[in-house]
Every structure is written in structure tokens, then in C-alpha cells.
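Chains A and B, in that order, give the protein sequences.
So in our numbering the end of the first sequence lands on 378, straight run, no missing numbers.
So in our numbering the end of the second sequence lands on 378, straight run, no missing numbers.
To be clear, the hints were calculated from the coordinates, so they are not data collected in a lab.
In this text the structure is predicted, and so the values were computed from the model without any measurement.
Please note that the accuracy of each hint is not assured.
[Unchecked claim] Listed next, with one range per pair, are the computed distances between beta-carbon atoms: (1) B:R238 <-> A:G217: 56 to 62 angstroms; (2) B:C177 <-> A:R372: 28 to 34 angstroms; (3) A:K286 <-> B:G235: 50 to 56 angstroms; (4) A:K286 <-> B:E241: 44 to 50 angstroms; (5) A:S333 <-> B:E241: 22 to 28 angstroms; (6) A:L367 <-> B:P297: 45 to 51 angstroms; (7) B:E241 <-> A:G217: 52 to 58 angstroms.
The beta carbon of each residue, even a glycine, is placed where N, CA and C say it ideally should be.
There are 2 protein chains.
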Amino acid sequence: MEEAKPVTAGLVVIGNEVLSGRTRDANTQFIGASLNDLGIRLTEVRVVADSCDAIAEAVNALRARSDYVFTTGGIGPTHDDITAQCVARAFGVELVCDPAAAALLERHYGPERFNESRRRMAFVPEGATLIENPVSAAPGFQIENVFVMAGIPRIMQAMFKSIAHRLSGGAPLLSKTIATDLGEGALAADLGRLQDDFPAVEIGSYPSTAQGRMGVRLVLRSTDREILEEAGAACQAMVVSLGGAARELDYTA
Amino acid sequence: MEEAKPVTAGLVVIGNEVLSGRTRDANTQFIGASLNDLGIRLTEVRVVADSCDAIAEAVNALRARSDYVFTTGGIGPTHDDITAQCVARAFGVELVCDPAAAALLERHYGPERFNESRRRMAFVPEGATLIENPVSAAPGFQIENVFVMAGIPRIMQAMFKSIAHRLSGGAPLLSKTIATDLGEGALAADLGRLQDDFPAVEIGSYPSTAQGRMGVRLVLRSTDREILEEAGAACQAMVVSLGGAARELDYTA
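Based on the provided sequences and hints, a complete structural model is requested.
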């Protein structure tokens with residue numbers, strides 16, 4: 126079977142607070158799942174420090190190999206918010222004041238509170254277009270295939286929704302999840318053969334302790350619904366033939 | 126002030142299930158915080174797919190630039206567990222059966238259940254030493270500065286504890302967290318000056334909506350306790366001078 130080249134994306138999570146373990150990143154999960162729904166595969170995530178070298182390197186590495194790149198974090202008004210200047214450096218362009226961004230920030234804060242620090246949030250790499258922030262005004266921006274968004278999950282999610290229409294995905298990846306009480310080692314050989322029989326289906330095996338019981342979740346994913354159904358039936362039959370119980374779960378991710 | 130070069134680490138999180146958004150990674154937070162306690166800074170995390178090219182590339186990139194590299198995921202018995210062979214490839218060595226690993230797996234499963242798939246878990250790159258798995262027997266391994274661990278958080282954490290004594294950190298990074306009700310834009314200019322005044326302190330600003338109230342947490346980090354105390358006092362005074370309330374929180378990360 127000829128399969129179209131999948132549309133891919135990379136994500137750069139910017140923030141010392143994630144690396145230090147202070148904050149648990151929530152953006153990867155949201156972006157991974159949302160891209161999946163759009164038929165785009167998140168193929169790599171890099172979490173990097175608040176350092177221009179690290180940010181520019183990650184952005185350049187991922188934009189060269191992915192159809193889309195997203196970044197989260199570092200677009201506020203404080204000295205540690207350096208994403209815009211680092212992305213400008215990655216693209217070799219100037220950081221310029223976007224008049225539309227300045228106007229909407231001034232409207233949001235009022236002339237009194239629109240100080241120098243807040244004005245910083247109006248600066249974007251030359252040639253960038255804005256990404257709307259319906260929560261707290263300060264916009265993200267897009268330059269070429271790179272989308273720069275806030276780190277606060279609620280704001281990031283609102284920004285993502287506002288740019289989803291700019292993304293063109295391929296065929297969505299459909300999935301089937303089969304839960305079983307068998308151990309991984311008991312089903313591994315047969316599962317490997319099932320994978321060989323269905324090369325167009327990506328089969329993952331995940332040990333699980335849901336509801337306190339050890340078990341395995343087998344996740345089958347394919348862009349072809351018919352083949353996925355066939356592989357799912359074969360997988361359930363395999364589990365039963367090994368003496369296990371198979372139960373299809375209602376997951377979509 | 127002369128500061129010793131910090132001891133650094135990279136982390137490779139291996140797993141399609143994290144990229145698809147199905148699973149929210151918990152290992153970065155644990156490893157980042159645990160390394161911090163040991164005086165080691167996690168400087169980059171890469172989440173990569175179950176692909177040998179991607180795994181080997183990430184391991185090689187991070188081990189060239191970090192004192193330590195950790196990997197999580199992909200060391201079970203199923204066909205999608207390919208970490209050991211990919212790390213062997215990254216190091217240009219053979220994958221060999223470790224007799225001690227084989228013996229402990231056979232003891233754990235019993236000769237009957239120690240099948241070909243489970244025997245796969247005894248294979249490690251030539252020259253590797255084992256990492257104990259007190260939860261489910263199947264060991265991780267260390268080769269040079271790379272530590273390969275399980276993806277299931279409970280097992281990974283037990284493995285990490287068993288290898289912590291193999292790691293030599295530098296001076297631990299101490300931290301101070303000051304919560305304020307001021308907005309980031311209101312304190313950004315003064316905070317930038319504070320950062321300039323204390324170059325040996327890393328100052329981060331994180332908007333927060335804890336307890337439903339908008340506010341900012343200022344996090345100061347340094348290996349020098351005295352300078353950190355001084356910067357903390359200056360930071361509290363700064364917030365008060367701007368008309369805000371400052372409260373030191375009891376965080377350590």
C-alpha cells in the first residue's frame with residue numbers, strides 16, 4: 126500500500142521551570158492530541174532552557190525537518206521572556222514593533238499602564254503575523270512554518286484554536302485500544318507477528334495499572350479505517366487465543 | 126564571581142504515546158527535580174518517537190554536550206521496545222545477552238514463562254552495566270554516561286534511586302519563591318534591574334492563577350546561599366516599593 130507522506134510537526138517547550146521539575150508541562154499533551162485530530166503528527170518535542178542559543182538551535186533544527194513547529198513559553202513582559210528575539214535570531218531577521226500588536230496592547234492596558242515592559246510584547250520578528258490571544262491580549266506570532274505561543278496552558282490553548290485553520294493536515298490517524306489482562310511477555314511474540322501482518326498499522330503495547338489491576342493496553346493506529354478494523358479484530362482474536370480477555374476501550378488518542 | 130561550570134544532564138523520553146497526547150509524561154518532572162537535589166542541571170529534554178534513527182540521534186546529540194544522559198521508555202519485551210538496540214547503535218557496539226540479566230529474569234518469571242520475548246529484555250549494548258529494577262525485574266542499563274530506564278514512572282523512579290549514588294553533582298541550586306499580587310508588566314522593569322544587580326542569581330517570573338487569584342511567582346535560584354538571601358530580600362523590598370504584597374513560599378524546586 127502506498128501511503129502519503131505524513132504531515133509532521135515539532136514542538137519547542139521553552140522554560141527553566143519545566144527542566145527544574147517545578148512545573149509539569151501540560152502543553153505537549155494538548156498539542157500532540159490536537160495535531161492528531163488535524164491529521165498532523167507531532168514527531169519531536171524539545172524542552173529547552175531560557176537561553177537564546179538553545180531556543181534558536183531547537184527552532185532551526187525542528188523547522189528544517191517538520192512541516193510545522195510550535196513553541197510555548199517566554200513571550201511575556203519580563204527579562205526572562207526572550208522567545209521573540211531568539212526566534213528572530215533563528216530566522217536571521219530583525220525584531221520589530223508590530224503596530225497592530227502595540228495598538229491592541231495599549232487598548233487592553235490603557236495608556237497609563239502600557240509601560241515599556243508591556244510594550245516589549247509588541248515586538249515580533251520582521252515578517253511575522255500575529256496570533257490572537259483572547260485571554261490576556263499579548264499576541265503570539267507566526268513566521269513561516271513556526272508558531273510562537275504562550276506557555277500558560279489556558280492561553281496557549283486559546284491561541285492554538287485561533288490558528289488551527291492555518292494548518293493543513295493529512296489523513297487523520299485513527300486508533301483502536303484493546304485492553305487485556307495478559308502480560309506483555311505473554312503476548313509479545315504474537316503481537317510482533319501481528320505487526321508484521323499489518324505494516325500499515327502502528328501497534329504499541331503499554332503496560333497499565335488502571336483500576337489497580339496490571340494489564341496491557343494495545344494501541345493500533347492507522348489512517349486506513351478498514352485495515353484498522355481488520356487489525357483490531359485480529360488483535361482481539363490473538364488475545365483470546367492466548368487465553369486472555371480482550372476489551373475494546375473508547376479512547377481516540 | 127567565579128562560578129564552577131555546572132554539572133549538566135539531558136533526557137530522552139522515548140514514546141509515541143507521549144507525542145500523540147495519549148499519555149502525559151511524568152518522568153521529566155521527577156528527573157528534573159531529583160537531579161536538581163543532586164546538584165545536576167537538566168538542560169534539555171527531547172521527546173522522540175519509537176524510531177531507531179530518532180533515538181540514536183537524540184542520545185548522541187545529548188551525550189556529546191551533557192555530563193549525563195537519561196532515557197525513559199522502550200525497554201520491555203514487545204516489538205515496539207527498541208531502546209537497547211538503538212542505544213547500541215548510537216554507541217556503535219553490538220547488542221549482547223547479559224548473563225546476569227538473563228539469570229535474574231529467569232528467576233523472576235520461572236523457566237516456564239521465560240520465553241523468547243522476555244529473554245529480549247536481557248540484551249544490552251556491549252560494555253553496559255545493569256540498573257536494578259526492584260519492581261518488575263527487567264533491568265535498565267548504563268553505558269558510559271547514558272542511563273537507560275523504564276518508562277513506567279514507578280519503575281523509573283525506583284531505578285533512578287538505585288543509580289543516584291553513581292552521579293556526581295556540583296553545588297546544589299538553591300531557590301527562593303516570592304509570590305506577589307502584582308502583574309508581570311508592573312514589575313518587569315524593576316525585576317530586570319534586580320537581575321542585573323544579581324548576575325549570580327537566575328530570576329524567573331511565572332504568572333500564576335493559584336487559588337483563583339492572578340499573581341506572579343518570582344523564583345530566584347543560585348548555588349550561593351548568602352547571595353540568594355540578599356537577592357530575596359531585595360526582591361521582597363522591590364515588590365513592596367511597587368505597592369504590592371510579597372510572600373515567601375515554601376518551595377524548593
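- Query: Given a hinted range of 45 to 51 angstroms, is it respected by the beta-carbon distance of L367 (chain A) and P297 (chain B)?
  - Reply: With Cβ atoms ~50 angstroms apart, the hint holds.
- Has the hinted range 52 to 58 angstroms been met by the Cβ atoms of E241 (chain B) and G217 (chain A)? 54 angstroms, holds
- Task: Determine whether the Cβ-Cβ distance between S333 (chain A) and E241 (chain B) falls within the hinted range of 22 to 28 angstroms.
- Result: 23 angstroms, holds
- Message: Holds or violated: the 56 to 62 angstroms window for the beta-carbon distance between R238 (chain B) and G217 (chain A)?
- Response: 59 angstroms, holds
- Message: Just to be sure I understand the hint, the distance between the Cβ atoms of K286 (chain A) and G235 (chain B) should be within 50 to 56 angstroms; is that true here?
- Response: 53 angstroms, holds
- Task: Just tell me: holds or violated, for the beta carbon distance of C177 (chain B) and R372 (chain A) against 28 to 34 angstroms?
- Result: Distance hint for C177 (chain B), R372 (chain A) holds at roughly 32 angstroms.
- Item | Supplied distance hint 44 to 50 angstroms, evaluated on CB atoms of K286 (chain A) and E241 (chain B) | For E241 (chain B) against K286 (chain A), whose Cβ atoms are near 48 angstroms apart, the range 44 to 50 angstroms holds.
Of the hints listed earlier, there is not a single one the structure fails to meet.
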